[in-house]
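J.: From just these sequences and the hints, can you work out the full model?
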Amino acid sequence: MIKIQHISKVYNKGQEDEVRALHQVDLAIDKGEFVVIVGTNGSGKSTMLNMLLGVSLPTEGSILINDTNITSLPQHQRSQWISMVFQNPAYGTAPDLTVLENFRLAALRAGRKGLRIGINENFRKTVADKVATLGMGLENKLDQLMGSLSGGQRQALTLLMGVMDRTDILLMDEPTAALDPKSSQVVMQLADKINKEMGITILLITHSMKDALTYGNRLLMFHGGEIIRDLSKDAKKSLQLSDLQEWFS
Amino acid sequence: MGVFYLTALQMALCLGPMAMGIFITMKVFNIPDITTDGSYTLGAVVTAVLLSANVPLWIVLPLSILCGALAGTITGFIHTKLGIDALLSGILVMTALYSVNLIILGRSNIPLIGTASIFDLLSLPFAGSLNALLIAALFVLVLLFLIIYLLRTDFGIAMRATGNNPVMTKAMGVNNDRIKIIGLAMANGLTATSGFLVAQYQGFADINMGIGIVITGLGSVLIADAIRLWTGIRKIGRQIMLVLFGCMIFQAVLAFTLSVGVDPNLLKMVTALFVLTIVAIPKLSKTFSKQ
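Read top to bottom, the protein sequences are chains A and B. Here this note's numbering is used: the first residue of the first sequence is 768, the next is one more, and so on. Here this note's numbering is used: the first residue of the second sequence is 6, the next is one more, and so on.
Derived by calculation from the structure, the hints in this document are not laboratory data. The structure presented is a predicted model; accordingly, all values stated were derived computationally and were not measured. We put the beta carbon where it would ideally sit given N, CA and C, even for glycine. A couple of the hints might just be wrong.
DSS-like mimics (lysine-lysine), calculated; alpha carbons at most 30 Å apart, straight line [stated by the list, open to error]:
no., chain 1, residue 1, chain 2, residue 2
1, A, Lys892, B, Lys240
2, B, Lys273, A, Lys780
3, A, Lys1000, A, Lys798
Partial list, derived from the structure: chain A residues whose beta carbon lies under 7 Å from chain B [claimed, not checked]:
no., residue
4, His843
5, Arg871
6, Arg876
7, Arg883
8, Gly885
T.: Set out below in structure tokens:
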């Protein structure tokens, strides 16, 4: 599904402040995998996600999704395969639009944003049913401005928005970093459900060692712009919290 | 006295499309677009030249809009594709448009005497002397309906989201650059429509008629914004209606200024002071409420 081949990323190349964010990374991810990525700050994990999303382009190497080379494709054209949940809930939603309008845009992520009014009773019902599964009572707040909701509520909705339209890959960059423990749990459980029930491939960056152990069926560790550990589902099962903490020491 | 206010209302209706255009750039896209001064004159100039050549109104109107939209497209292109600041892009296009308008006009102004006019197109039986006012109202209402419809469509939602959170819209498959260019084209097309109406209402087009007109639009949007904050109006359709209302208040204030005998030479200064007051009120009221 995802093939990352010899990807490198160098910032300020040839200058005094040159930074090598990624170095010759090779990675293949199958459809339906839930890959958890850990690593210290500056290890290259966010850089890799940003290159998948199209926020920045690699210095060398190539990225393929379903055998389509997307290496130099602009970000908005990658939305037909990829959706994103940002670290900051504010990035993933438009605060001055209503919840329903945000969902409408999400429902058209891979489609045409045409000159028809797409928010009708059917659409409202579809969104309300989906939002009700969160158990947060947000189905009664569809006409409220997104900006009036809490960070946890917005992040949970962002995750749902990510799978409103057909998507193959869900990228999540520390999605619970700004949330309280209860909201974090809701978001992580929802991600797990999306992966298991819809078969969507997920790449999750987290600094929570507990989440890294609890969720996902593959664990990657980045360090110095390289993948230094790649654990399969079985290997991950036998891993203890102390083992993970030791990796960082 | 009443004539002052009727004229003000008529002018407000003629300038309404421009105010709606400024709402789109300023409030929807968060872009300060100064192209307005040039595209407003462009709309008037194209109208005057074509009407003088006896070109029918149904051709003049779309051509005026198209010319304004083209000016907006150029501003949008310079801003998004060349990475130039939006304010500077607008200033550059506005400056260039002065020469373009002068070339099209061929001289500093053209009077429109004995030419066709949209205000003579229909003679509403019950309107009497208010005929022009009602035609302008009808025209602006149709435009208002179209803009409200557009902003509620899927495309309109993408437009509004782009101004609100461009990081999010990119991830949602929106081509931010393209949608900004379309938005600027739309806004300046609306501005040119005001030029089209005002040239016919005043009976002439002048090369300097657009100088400072952006302040009128800006003032209308700011008045609307102040009312929106007081009333808590959130729906996009109502916000656009408020802009039209803001335009009417703005023109009424100017009419009042003239009616109490203020020197017409001071009108631009009064306009600027009025806008300054609107902008400053929220800040000043916060400062005083803290004390």
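J.: Determine for every hint whether it applies to the structure shown.
T.: Each hint, compared with the structure:
{"no.": "1", "hint": "A/Lys892 <-> B/Lys240", "verdict": "holds, 20 Å"}
{"no.": "2", "hint": "B/Lys273 <-> A/Lys780", "verdict": "violated, 53 Å"}
{"no.": "3", "hint": "A/Lys1000 <-> A/Lys798", "verdict": "holds, 14 Å"}
{"no.": "4", "hint": "His843", "verdict": "holds, 5 Å"}
{"no.": "5", "hint": "Arg871", "verdict": "holds, 6 Å"}
{"no.": "6", "hint": "Arg876", "verdict": "holds, 5 Å"}
{"no.": "7", "hint": "Arg883", "verdict": "holds, 6 Å"}
{"no.": "8", "hint": "Gly885", "verdict": "holds, 5 Å"}
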